[in-house]
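We have chain F already, so just place chain L on it with the hints.
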Amino acid sequence: MKYLKFKPYKTVIYLDNAATTQIDKTVLKAMEPYLTKYYGNAGGMYSLGYIAREAIDHARKTIADYLDCAPSEIIFTSGGTEANNMAITGTARANKTYGNHIITTKIEHPSVLETCKALEKEGFNVTYLNVDKYGVVKLDELENAITSKTILVSVMHGNNEIGTIEPIEEISKIIKSRKNENSLPYFHTDACQTAGSFDLNVNKLGVELMTLNSGKIYGPKGIGALYIKEKTRIQPIIYGGGQEFKKRAGTENVASIVGFGKAFELAQKSLKTDVPRVKKLRDKLLQKLMQNIDKIILNGHPEKRLPNNIHISIYDIEGEAMVLYLDQMNICAGTGSACSSKSLEASHVLQAIGLPHEIIHGSLRLTLGKYTTEQEINYVAETLPKIVNYLRSISPINLNYKP
Amino acid sequence: MKKTTKKYNQSTPDVISNTGDKWLYSKTVKDHFLHPRNFVTGGTPKFKFNGVGMVGSPACGDMMKIWIYVDPKTERIKKCGWQTFGCASAIASTSMVSVMVTEKSGMPLEKALNISQLDILKRLDGLPNRKIHCSVLGDKALKAAINDYFRRTKQFDRVTNESARIIDKVLKITDKDIEEAVLHGAKTVEEVIERTKAGEGDPTCRPLVEELAHFYIGKYYPCETCASNPAKRDNVK
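In the order they appear, the protein sequences are chains F and L.
Each residue of the first sequence is one higher than the last, beginning at 1 in my numbering.
Each residue of the second sequence is one higher than the last, beginning at 404 in my numbering.
You may find that some hints are simply not true.
Under the rule of at most 30 Å between Cα atoms (straight-line distance), these lysine-lysine pairs were calculated in the DSSO-like manner [unchecked claim]:
{"hint": "1", "chain 1": "L", "residue 1": "Lys525", "chain 2": "F", "residue 2": "Lys5"}
{"hint": "2", "chain 1": "L", "residue 1": "Lys507", "chain 2": "L", "residue 2": "Lys433"}
{"hint": "3", "chain 1": "L", "residue 1": "Lys433", "chain 2": "L", "residue 2": "Lys622"}
{"hint": "4", "chain 1": "L", "residue 1": "Lys451", "chain 2": "F", "residue 2": "Lys5"}
{"hint": "5", "chain 1": "F", "residue 1": "Lys246", "chain 2": "F", "residue 2": "Lys229"}
{"hint": "6", "chain 1": "L", "residue 1": "Lys546", "chain 2": "F", "residue 2": "Lys2"}
Hints in this document: simulated from the structure, not taken from any laboratory.
Next up, chain F with everything else stripped away, as it sits in the complex (with noise of 0.2 Å):
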């Protein structure tokens, strides 16, 4: 009996950074002494807390500039999902007087399509627009679904699994020619996966709201942003003692806000170093898995796409068995197969563009980051064809699917 032979890396290779990244060692440093020294609530009428509302301030100014926006137009929240649940809840019911109509994507986080389903039953009727075999919003379909009761469009910027773009600004430009008398509909972009990757201008994309991520761009997790354009009709989703302009209630997470402003500093600042460096060892990986491997395709756009990501079908073997196989050499993937989720059901964006399922079965998520080196490139390289061999060997089928 021949067994797959395991030569585990010697540190874990981490190919799964869509998901989160590792805490960068000089944002951990200015977190720190909030953490301990300047532990004062950022609302007290004393010099802790002074220091604490100015730490505040410094990195809503400093996430602010980089957005080319006010600071007061920055909340913070506790990460992607609470901003994306306040972006579409808080608009819907702001503004049910006037509409009760959303639009957005089947291909969405499920902390947008989830918040749109509850408010399904609030009686907001929701439109879920195709997508192509790309994963690109179909742009007519967007326009001809937009009616005088719509009041929130949302359409993520960079798509979590298989890292297709959105074009934002294009959609921008089409809901702006369809505003009605009250400025709606509003148009919402989800940024969780592009804040380490792209310019961020929300005047240059043309959005009302956008969801920020720190737990993505090497900052800490638990905290992210919600930008909200002035004037934009918006109830809270939390309640309580008035922080963040009246707008998202409870005592401020100083240490991690600092954390926040600094990563998304260092992620902007490195747009033109990091990021081409990290897509060429993308580009890299890429390009020697489609040499290695036969019955392998790419998921996504194959240019418009996000920098880190590599998102493939390998058929014939299922993702679960080929990302634990990977464990076992200590490299850390992902998969949208459906045994590998905990409710069964196989990933919903692969669905959308028309991947049938067994195909879907057999995908796997790579994501780099900046901490990837070549060396773990060219193991991974080397390591999963070796994997999928093996696995192949055992299955007894052959699919003849072409794309």
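Here is chain L on its own, set in the frame of chain F:
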């Protein structure tokens, strides 16, 4: 096998258990997944076989093929080989089935026909609840292979036929569909109906649907705490 040690606790939430264990599966499942026994490579087994069974489909995410050699004199399974497309639990459960039927100089056919997925689960030291259906295919593939042996040896009267009974006449929903729904995680009558739509085509079958749902829920999840521990589950039975 050389044990691998991790530098830190990794976070791949899709496949890591909530309880903080590094592995979602039991040690036995892990062993059979990483070191599968008796698998067949290259299309057909190297041993002489007289029964083949295949169940599942690529679209469902699980497919298994089992080859057996039955000694016609003793009616014991002497050899068992397999191929599986599927997740860790599917691979491990087929591997375990192949061990169970060939150990102790081979399992008699009558006994092999009675292997249930609970027996497989017990030998695997349990599976996560939502993965239990993966082990069902193992015993089904084995039964298909034994039936194939009966056909090849012209013992047609011994072929066991698990034909499904239609419950909802309008939507053509069978008792097997209801069983499948429970195995896939439906634990209440409402969930079973939501998944199968049984009773929506023919409302008169609703009492029967409820009865069957209760039966299968009781069979596969006798109580929540022992669902992942087949040893305890047997005591309940």
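Exercise. Are the Cα positions of Lys525 (chain L) and Lys5 (chain F) separated by 30 Å at most?
Worked result: Distance ~28 Å between Lys525 (chain L) and Lys5 (chain F) Cα, so the pair holds.
For this session: For the pair supplied as a hint, Lys451 (chain L) and Lys5 (chain F), confirm whether the alpha-carbon distance does not exceed 30 Å.
Result: holds, 28 Å
Exercise. Are Lys507 (chain L) and Lys433 (chain L) close enough, with their CA atoms no more than 30 Å apart?
Worked result: Measuring from Cα to Cα gives roughly 23 Å; hence the hint holds.
For this session: Measure nothing beyond the straight line between the CA atoms of Lys546 (chain L) and Lys2 (chain F); if it is 30 Å or shorter, mark the hint as holding.
Result: At roughly 27 Å apart (the allowed maximum being 30 Å), Lys2 (chain F) and Lys546 (chain L) satisfy the hint.
For this session: Measure nothing beyond the straight line between the CA atoms of Lys246 (chain F) and Lys229 (chain F); if it is 30 Å or shorter, mark the hint as holding.
Result: holds, 15 Å
For this session: Could you grab the alpha-carbon distance between Lys433 (chain L) and Lys622 (chain L) and see if it respects the 30 Å cut-off?
Result: holds, 26 Å
Going down the numbered hints, you'll see the structure goes against none, and every one checks out.
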